[in-house]
Amino acid sequence: MTVLDASTSSHRASSAPDDLLSLPVWTDADVAAADLPIIDSQLVSVGGGLGSFALVDLLRIAGVETERLRVLGPTHWPDDSYRYLCESSGLSADDRLRSGRRIDNIWGFPSYALQSAWQERDVKALLRRQPTAGQVNQGIRREAERIGWSAVHAPGSVRVLRRREGGGFYSLLEGVGGALAYRSEFVHLAVGYPALRFLPQLREFRAHFGDNHRFVQVYEPHEHVYRTLVTRPGTVMVRGVDVAAARVLQRLLEDRDTYDAQTRIVHLFSDAADRARFLREWKRLLEPGLSEGWYVAQEGQLVEVLPDVDGRLLARGQDAAGGRLKLGADFVIDATGLDGDVSGHELLSDLMSVSGAVHGPLGRLSVSQRFEVVGTRNGTGRIYASGPIAISELGSADSFGGLVGAAWTICDELAQQGFCDRIGLGRSVAQWMRWLRGRAL
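Be aware that the sequence shown starts at 2, since it is given in our numbering, and climbs by one per residue.
Hint data in this document are derived by calculation from the structure and do not stem from the laboratory.
Each residue gets a CB set at the ideal place from its N, CA and C atoms; glycine is no exception.
Some hints here could point you the wrong way.
Okay, the calculated beta carbon distance ranges per label pair [to be verified]:
(1) G135 <-> R435: 23 to 29 angstroms
(2) S344 <-> W433: 40 to 46 angstroms
(3) G324 <-> H77: 50 to 56 angstroms
(4) F110 <-> G324: 49 to 55 angstroms
(5) D272 <-> L128: 52 to 58 angstroms
Model the full structure from these sequences, guided by the hints.
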């Protein structure tokens, strides 16, 4: 990695000047004239989360030196954002996840269950196929330390990405020490979900009534909801069908059992298929509430939420039969997930307007089956994308398995470009032995 003469300046610009930002293609002279230090790294991964981790892990195992890689992102460790989302949604370190696929072990062996059985000296652990959130976070942190994550990570946020005259790209990183221009042949975009999904009903409720307390998004801090429902009887409406919604329900049920909370739960499903699947998957969790009547699985479409005359909330919409839906609640928790639409993300929106990237289905970036961002090639330079921001003909890849699968595909593509070697059988076995022993790369 090389730092050019701009880094010798005693003054570092806090950001790029507007006249530079307005250019669709940057020359080396343009960047130097803007008093931006230029740092060379053959591949830059933008994001710094699990998507970046999956690719960098593979590349390090393939033998790529840390000097040729940089990860640009605001968090220090790759699991920081994931850990925050788990905690915000109420998922504790001891709660089990739905996926048993390992992201910290490209070979997938030993599985979480086998590892737990060995560590606990208990064969019964083999029956627990799903890992806890704590196991996943510990494994990621261990592997990040092993591959030298701190050596490749540069803290800050990437504001823009520009084609470089002659090939490759510039990534503008802004941090506490000022702005830096990373010059690279390859760029990997793995910024995760662009934003929390604030559905129209939630946005309108807050805009009209200024109430951020009773209608909340699951990934926002919302501990006050549970604390209030422990102190007095109440009704909470829950929307969503993924693991975050299940964790909300589990917390509410635990508070009923532990504190004798008299909480009624209305779970709103958008269609019958979601309702049937969720009730089937979480049957054991929900059976007591269904039989006793304090858990109601309601099918329908929510149109609006309003303050009611009794001081509670009134949710109005349409039920499955097309009739009126009117539900009263003290709180509404929206657990419908995160927003994958890239148009609201500063970097990705700019990439589409300036650098040739295009929208794919569901508002994601359009990528090829090799995860190259369509329309952005520049000489030998390539931009790849993985995770929820990218969707190809094969679909999106926002699960642990999807991130690892995308990383393998990109790694093979980079090998074809001469950036790294393929991971052959001999190297794979040798590297697995190093992984098993925890030996650093």
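The hints, checked one at a time:
A C-beta distance of roughly 24 angstroms is found between G135 and R435, which places it inside the suggested range of 23 to 29 angstroms. For the pair S344 and W433, the supplied restraint of 40 to 46 angstroms holds, since their beta-carbon distance comes to about 42 angstroms. Our hint of 50 to 56 angstroms for G324 and H77 holds, since their Cβ atoms are close to 52 angstroms apart. Evaluation of the 49 to 55 angstroms hint for F110 and G324 yields a pass: the beta carbon distance comes to about 53 angstroms.
D272 and L128 have their C-beta atoms about 33 angstroms apart, which leaves the hinted 52 to 58 angstroms range violated.
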